[in-house]
Every structure is written in structure tokens, then in C-alpha cells.
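2 protein chains.
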Amino acid sequence: MTVDAVRRAWAYLSRVAESPCPALTAFVAGHGPVEAAARIKAGAMPSELAGRIAARVHIDTASEDLEMLDRRGGRLITPDDTEWPHLAFTVFDNDEVQRRESGRHPMVLWAIGPARLDEVAARGAAIVGTRAATAYGEHVAADLSAGLAERNVAVVSGAAYGIDGAAHRAALGVDGVTVAVLAGGIDVPYPAGHSALLHRICGTGLVVSEYPPGMRPARHRFLTRNRLVAALSGATVVVEAGLRSGAANTAAWAEAMGRVVCAVPGPVTSAASAGCHVLLRRGAQLISRPEEIIEIVGKIGELADDPEHPQTPLDGLSREEMLVYEALPGRGSRSIEEIAVEAGMPAEQVLGPLALLEIAGRVQRREGQWRIVRDAPQPAR
Amino acid sequence: MTVDAVRRAWAYLSRVAESPCPALTAFVAGHGPVEAAARIKAGAMPSELAGRIAARVHIDTASEDLEMLDRRGGRLITPDDTEWPHLAFTVFDNDEVQRRESGRHPMVLWAIGPARLDEVAARGAAIVGTRAATAYGEHVAADLSAGLAERNVAVVSGAAYGIDGAAHRAALGVDGVTVAVLAGGIDVPYPAGHSALLHRICGTGLVVSEYPPGMRPARHRFLTRNRLVAALSGATVVVEAGLRSGAANTAAWAEAMGRVVCAVPGPVTSAASAGCHVLLRRGAQLISRPEEIIEIVGKIGELADDPEHPQTPLDGLSREEMLVYEALPGRGSRSIEEIAVEAGMPAEQVLGPLALLEIAGRVQRREGQWRIVRDAPQPAR
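Chains A and B supply the protein sequences, listed in that same order. For the first sequence, UniProt numbering gives the first residue as 1, with consecutive numbering after it. For the second sequence, UniProt numbering gives the first residue as 1, with consecutive numbering after it.
It is worth saying that the hints were derived from the structure and are not from the lab. Idealized CB from N, CA, C, for every residue including glycine. No false leads were slipped in.
To give a feel for the contact side, a few chain A residues facing chain B, derived at Cβ under 10 angstroms: (1) ALA55; (2) ARG56; (3) GLU101; (4) TYR136; (5) HIS139; (6) ALA218; (7) PRO267; (8) ALA274; (9) CYS276; (10) GLU292; (11) LEU323; (12) ALA327; (13) ILE339.
Quick list of simulated restraints, FRET-style, between CB atoms: (14) LEU351/B - ALA26/A: 26 to 32 angstroms; (15) LEU351/A - ALA5/B: 34 to 40 angstroms; (16) ALA196/B - LEU351/A: 38 to 44 angstroms; (17) LYS299/B - ARG282/A: 22 to 28 angstroms; (18) ARG282/A - ARG244/B: 25 to 31 angstroms; (19) ALA347/B - ALA42/A: 17 to 23 angstroms.
The shape of chain A in the complex, shown without the other chains (with noise of 0.2 angstroms):
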């Protein structure tokens, strides 16, 4: 059995049935893929998988689909492959994901690109939104796209314009890994504005379908194809979503998968984040800066660091300190028991506080009387 004989049977196996056809997969499975694609041929199958394949039984483009496949550099990728994801597709295992259409691994992959699909989904995170983006969605999901890129993980997104195309474009700009599932062929650029944009990602990432070639991109393909790009994701992140979203549904993939589902929010008076505002009111976790992502997606103890809080004059001043500082007015000076009164503290208690507050700079006194030092340094942290 040659490996080319396998290659063809593969690529013939690939367009007999819609994928997923699981009754197909079990098929190949026990059968091999050169005996499978015979019996097939010979009509010797069981009537469930008979039923399934009975429209394009008779279609067999294998050698033109491989051909076109080298001349462009790409490879089909089998579960009998090295790179074959097997530990990302265990999500397929689980029923909740069974029990949603088309819930199940496909059954092999046509793709093109130097990224390893292996690798890519041992340290990837999907970026996906609505073709409707606004400025502010394209910005962010650019800015998340770019950091995330920048720190090694590959970002996975779907190709459509907006926020999928500026999530690419700008892991490309970093000379990241970016990862585009097709729901249609590997040959059928969908957008066809995205062609050049598909065609740079070819060259330093990945482009990847279960679709074979020639194949057009239909609503439900669009849908199969979002499992894929969630099982391919230790994190989805929703950058901007309409209320009705193929967003929706990968982040509803990722759920079933036990993935985390992330969500970007925007201004509530914008339509394009209605849909994120629902994933978050579900639980969906905010991001708003890349690390946040790398913190899940990442390896442990890729923690992100606290966002940085401004620091006030006030800071690290004790109870008594504070209440003594406040009651010196903002301009002009105060006694003693000006103060007490003010702060409602006995006389004597003053004393303390204000002494700690003189030694670091913060008060001053003259003639009897406190008065605040302003511009004093700042504390140390």
C-alpha cells in the first residue's frame, strides 16, 4: 500500500460525507482508509454510512484535490499523524459536546502553513467577533491579538472581516502565529476580500479545513467549523458579538467543551457588544489586556500582574495619621486643639500622629501652629 494510495483514500473519504460523519469515521477506523474507500466504492457498508454517502458515492476528485494540495504547499493531516491534535480533541469526547450537531472530531484535515496543528492548540486562544465591528473592536482585538502573538500563542480565528481579520492581520504584524479555519475549501478563499490575507497566513501560519477542496462556505459549515475553532483553543474570546453571533456560538462550542469562554466588554450603548455583555452576565470571563489571556491559556504561574494603581499622598497612612492629616485645612494652619476638635480625637492623641506625619515630610509646624507640606514625597510602596 503506497502512501500516495493512502493520501487519495483520504482525500477521497474526505468529500463522501458532510463532515462530521462519525458513522464514516468509525468506518475508517476499523477499517483503514484505502480498504474503507473501496467498500465504499463496492457499495459493502452498513446502511446507516450507506445513507450518509449516497450523494457523492460516485465523486472522486482525489488525485486533482492532492495535486492542487502540493502545488501549494499544503498537507492533509490524519489522525495516523503526529500533529493530529489528539489531546484538543478529547473535548470531543465529552456529552455535552456530543449532544450538540455536528459535536464530533472531524475526520481529517486539509491544510497549509508551517505551523504544527499540535502545537498550535497546546498554546492557542481564539479571537473571534462580529463582521459589524466598530473602530473600538478592531482596536482591541488587535491590541489582545498582538499580545497574545508576542508572547508565543497562536492566535485562532475564523477569517471573516472584522474583528477575525483584525485579530490575524495584527498576529501577522508581529510576525506571530495566526490560525484560520475555513468553513468551506482550503482553495476557496471566504471572504474573497480576505485572499491575500488567507495567502500571508499560509505563508507563516496556518490555514486549515475538514472541508475538501472546491468546497463552498454554508451557513451550517460556518457552524460545524466554530466546534473547530474552540476545540483548537484553551481560551475563545469574544471581542465584539451582536446579540445574534457565529460569535455566540463558538463561545457556546467552547462552554460544552469546558473551555473557559472569554468576553471583551465595550460601551452599552453599542450594539456590537450586546452579545459580550450576555456572556458575561453568564459567567464569561472579562478580559481587557492580553495577559489576562495568557494567564489561562499559558503555562502555570503565567500570571498576570495587577493593573497598576495610582498612588495618592495618603497612602500607607494610619487610621489616626489620616484623620489627623485631613483636619488641616487645605490652605493656612491649625492648632493643636483646632485639630483634636476637628478630628474628633483628644488632644493628647494628636501629638503622636502628627510627629509620624512630620518625620515623613507630610505636615509641618510653625509657630504653634500644623500646616500640610504640599508636593511631599511620594510614599514608598
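With chain A held as given, fit chain B onto it using these hints.
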């Protein structure tokens, strides 16, 4: 013991210690206000209390304070009044609250305005946020506040510039009830630029403070005041807040009190929303519409409607109908066999869905070819 003597005693006691002063509150609860005031002036009290009142024991401006209060049509609200929000103040029994600095209920409250404090607390929501609000934040604060006030929810806030002011003004604008909780005397309009706003609130809502007349606001009094904002509100909604913000302090009080903490999201690029996003990451409830707040502070059953989902012509189609529908081209027509190949279904299984789609007016047949009907009727929900 005349009513006037009791009022004068409360007024004196309100100033003699910095509020809240649990030692004084307990002493007054034990002896009654008149006897407590007399004992304090005579120096007959526990030493713990003596320290707390030492600086101000000699100050008795009760008559002038009450004269000012009467002139403005105000009142003292004490635990003996039916208006005292006993139920709301049970949050001060909470250990988490008592552990915090100033985590005790006020002894007495100075108030001006027709709204009853107990009714406010039974159906109130705090709308708070940064003084450095953006146009977006002020817009959302006003929108939420008006929506609450129109549905008879009292809008509680702190009368500051920015979010607080926008919330108060919007409630006034729909003839609703709004409550300003001050960090100084009710005769000390703060900020000064909100004098007219506070005057309007006195006319239809409530201006309230635990501090005696003339007391100027100070930083620690804002922090102390914030606990009252939270206590008087079934939910605390932070509309915009920087990373370091008084509103975050109010939210911390609400959390310690077991009250619902809410935050409005905004652009992640906006520093004015950064504090809200931190709260949301920590579990605050995301708010995008007034209805979502009413669901929390309103009566059981006042549930927010789900946001409206846009409809598409494919709503309500079965999986098979969708596959068949999608197998038809955008323009032109296809034969049964072509549809079967595209959909990956046996030709005989394509007929049933096609017939149903035809009945529904979604597709039509002409000379053995099938095509999509544009502008098909919308499906019933």
C-alpha cells in the same frame, strides 16, 4: 422631658463624637439621649467614651443647629422614629461590616426632604461613580437613573460631580425620588457647584447626613459616608470608576453587607471604566439596562425581559431543511441531484425538506429546478 429637650440632646450628641462612635451609640441607647447628654457634660461616663468625646465635649450648638434645621424644613431621624431604616441597617450586624473601619450604623441622621428614609431603603439603588466621568458614563448613569426613578426606585448617590450628579439630575428630570448622602453637614453644600442640585433634591427627595451642621467633608468622611450609600441601597451600581475610586469603596461596603454589587462595562481602552472591569472580574453583576437593576431591588417577579434577538429567515428550520436550503445557490437554481451532493444527503431525503420549504414559501420549483424565494415571509416566533 419635652420633645425639644430630646431633640437638643440628639443634636448635641451628634457633634460630640466623630460618627460612627459605637461607645456613644451604646451609651445613648442605655440612658436615653437626654440623660446621656447630661452625663457626658458632667464627665460621668466610661473611660473609653471619655476619650472619644474629649475634644468636643464643651461644644454645644444644638439650639442654633436645630434652628437652622427647622428653617430649612428638615428633621432629625433617630432610631425612635418610624422612619429609621431598621431593616436596612441590620447589615451593620454583619461581622464583615463590623470588621471594617467605621462599620457601624450612624447614631442619628440629619435630613431635609419629603422622602421617607425607610421607604427609600426598601426600594433604593445606588448609582455611583467617578467624578472624572466621560460623556459615555454620564449618559449611562442618566439612562439607568431615569429608568429606575420612573419605576419608583429611589436613586441613592453621593452628590459628587460626574456620575453622581448625572444620576441625581436624571431622577429629578423624571420627577422621581433621589437621595443625596453627604459627607459633611447638610448645610454645607458639597461640591459647591452642586448647591442648586442639592436644593432641588431637598425639594422632592432627601438630603441626608450623619454629620452635624457646619461639619466640612473630609476624606475619611467620604469613606464613612459610602457605607451609608451602600446600606440604603438594595444594589450598588458602579457606572464608571478608575482603578482607585470612591465608588470602588462603596462597592466594597455593599459586598461586605451582602448587597448586590453591580458594574456597568465600558471600553477597555477607557481608564474611567477600569475600576468597573476589576469589579466585574471579581464577580460583580454586569448591568446594561435599568430593568436588570429592578430585577434585583424590586419585588419578586419584576424580571427583566430578555433582550430582543434579531430574526432571520432560517429561524425555525429543522437541520435537514437548513441543509437543503443552504444547498441552493444565492442566484440561479439547482436540480434535486445537485442539491443532494451539496447537502451531502441522499436525493430521496432532499424531497421532504424541499416540500416543506416550498409550503413555507421559502423555495420554489420551476421546470424541475429549485431556487430560493427572496423576501420570503418571516417565520412565526
